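Trainee: Residue numbers (the numbering used here), protein chains in the order written: chain E, 1 to 387; chain Y, 1 to 351.
Please note that the accuracy of each hint is not assured.
[Unchecked claim] With a cut-off of at most 35 Å between alpha-carbon atoms, the simulated DSBU-like pairs for lysine-lysine come out as follows:
| hint | chain 1 | residue 1 | chain 2 | residue 2 |
| --- | --- | --- | --- | --- |
| 1 | E | 106 | Y | 266 |
| 2 | E | 261 | E | 170 |
| 3 | Y | 351 | E | 106 |
| 4 | E | 191 | E | 306 |
| 5 | E | 261 | E | 274 |
| 6 | E | 170 | E | 183 |
[What the hints assert, rightly or not] Quick list of the computed label-pair ranges, beta carbon to beta carbon:
| hint | chain 1 | residue 1 | chain 2 | residue 2 | range |
| --- | --- | --- | --- | --- | --- |
| 7 | Y | 218 | E | 254 | 21 to 31 Å |
| 8 | Y | 13 | E | 123 | 32 to 42 Å |
| 9 | E | 23 | Y | 192 | 45 to 55 Å |
| 10 | E | 249 | Y | 217 | 31 to 41 Å |
| 11 | E | 271 | Y | 288 | 54 to 64 Å |
| 12 | E | 225 | Y | 258 | 22 to 32 Å |
| 13 | E | 123 | Y | 113 | 17 to 27 Å |
| 14 | Y | 218 | E | 355 | 44 to 54 Å |
| 15 | E | 249 | Y | 2 | 34 to 44 Å |
| 16 | E | 254 | Y | 221 | 32 to 42 Å |
| 17 | Y | 143 | E | 249 | 51 to 61 Å |
| 18 | Y | 221 | E | 268 | 25 to 35 Å |
In case anyone wonders, no lab produced these hints; they're calculated from the structure. Quick caveat: nothing in here was measured; it's all calculated off a predicted structure. Note that the Cβ used here is the ideal one computed from N, Cα and C, for glycine as well.
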Amino acid sequence: MAHRVAVVGVGQTVRYRTKINASLAGLVREAALEALADAECTWSDIDALILGKAPDMFEGVVMPEIYLAEALGGVGKPVLRVHTAGSVGGSTAIVAATHVASGLFKRVLTVTFEKQSESNAHWALSPSLPFRAHFNSGAGGMFAPILREYIHRNRCPADVGCMVALKDRKHALRNPRAHLQIKDISLQMVKDSPMLWEPIRFLETCPSSDGACALVLCSEDLAERSVRPPAWVHGMAMRSEPGFYPWREEVYPHATRECAKDLYQQAGIQNPRKDFDVAEVYVPFSWFEPLWLENLGFADRGQGWKLTETGATSLDQGGDIPWNCSGGVLSSNPIGASGMIRFAEAALQVRGMAGAHQVDGARKALGHAYGAHNQFFAMWVVAADKP
Amino acid sequence: MRDVAIMGYAQSPQVREARGLNEVEMLMPVLQAALADAHMTLADIDFVCSGSCDYIAGGAFSFVGALDAVGATPCMQESHVEMDAAWALYESWLKIQSGHIRTALIYGFAKASNGSLPDILSQQLDPYYLAPLWPDSISLAALQANLLLQTGRYAQRDFAEVVVDSRRHALANPNAQLKGEVTVEALLAEPMLAPPLRKHDCCPISDGASAMVIAAGEVAQSLADRPVYIRGIDHRMEVHQLGQRDLTTSVSTRQAADRAGVGEDKIELAELYAPFSPQTLILQESLGLRPDVVVNPSGGPLAGHIFMCAGLDRFGEAARRIRAGTADRAVAHATSGPCLQHNMVAVLEGK
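When you get a sec, could you build the whole thing from the sequences and use the hints?
Mentor: Below, the structure written as structure tokens:
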């Protein structure tokens, strides 16, 4: 039986934006040191280091754990490097939690990062491998057909995507770490921004950010002695499916629904909209919010966009199930870290430490990440109470 | 600690260039063979974990396409490390320890003929102070070998003897890339590549793929005639800057070996991921192996070296011999980084 795991330290880059002057080591240390301080421990209290990031080609450093281990106190310890495309931030947190759940590690540090200013994500995300389909489209071009299909099937009003963008950009104004801080954001401004990949406009798109996120995870006995409130892990799940096969359902991928089912079973979630107080879900392009609302069981099939439209997912509108109070991936996207930021923000919410974007009295939260061609999924449930 | 056993293993031929095959095509038969070896099908697998490197494939997200080879439809629990597949094995082993899964399929692949591996590896060094100088992996191993010679513990003849053993052992390995009866004298007459290393002191570069199936003890007992148990496994990292560590020994190998329990009983054979012949000697010392321990009976990395699989292959080759009854207790070792920076050590047992 798995041992209990809790989050006792969270660290993030001071602000997710282009950091030309920071070295890679400096970037990851910024987040790691904050997580250690939050957990009131030092490098020597850490038993293992679990590192995650998206493709090495973003920074041009092959297997960067070799270089970064030293900056993160990894010398003399087990060091593991996870890479599962865009979901990697979530997957890395889960692999780190598995170290503790195995009973073989008491306290581990996990760090994820991306320094997108070192390269051009659009082209790095347009791989041209031998014998494979070439897109040269970036992530937006790859996802747009899926979002068009969602809109077409469900006859959604055309401006729901703009509403998601407005909501998350407003949430970002509460979070000083968010990369994009657009003070005078309005629905009209989003609508007037250039169309990049129908139906995704410029302001419905995530930015290219630099940043790192870190977590300190520990065993039950250590969590009980934690200075600040721990966030207890109630469930964690990962699922993957191939990106292309004939009968594949891309709008409602089998893997995401199986992943959520497994997760909710572990955490005893019956009705996600009621049982969760808040959710941090990977929405890099606006229309993914209604799509994930349905896939994750917060709304019935075809009804997700109505939650967005009525403000149910907005903290500013007092919605019953606020999504992405931090501003989400739409406001900050250091790709390799983005999934872990979702997991970390979920933990901060149930610890009551989310600052101006705190949901009052949040006790249970969902963290979610996805990657590649809508095919890799990582999720966890954290709560203020012990499972 | 929960008992975990190696149930099945398969490796493609190790060849300099797998012409006309892409990564998925190299992987598919290997995955099927590993499952068959374990008397299982994909339906029996709870978790899939792989190790690969985008820079070898020449494009980002190369592992994404490799998932096609598994046929993971409609979906599976799956993860990936951008490390040697030995670390995918470690992640899977931890997941079994946590109780979340009972079985795992592990694989690695590399088509290194796409590019220049020694140059690619220079780009895993400190990106500000080392990588811009493009110090390739062979040159760094030569620095390490020079330091080893300067200690007086070994001579160039010892390096050649490691190669002679490897080539001879490889005669019995149908997947080996380099094999044959060679003499120390003939090897020492060869020209230098990066002094004091000659070409034969360096591992070949291979295209290929490997896969393994592991399972929790209760599954292993019901399916395998002679399960090979992972009795201990650990891995440790060292400092990156080469000037800051003693390159003539391997502290992290010793640390991992202690935690894996290498010294607790007699070791009969060891499969060591030493890409360069002098590193075999360093590892033998750091592991405390006695002279009668058979090292790299498969021929080891000097006979065939699928980057990203070579660590997993050490587990597979050691397990294969325990299953065949030629040994009861063996060491499997994997490494990563320049000059043995990061090392994994495991003890495998047949009883």
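Trainee: Hints the structure violates: just list their numbers, smallest first.
Mentor: Of the numbered hints, just 9 does not hold.
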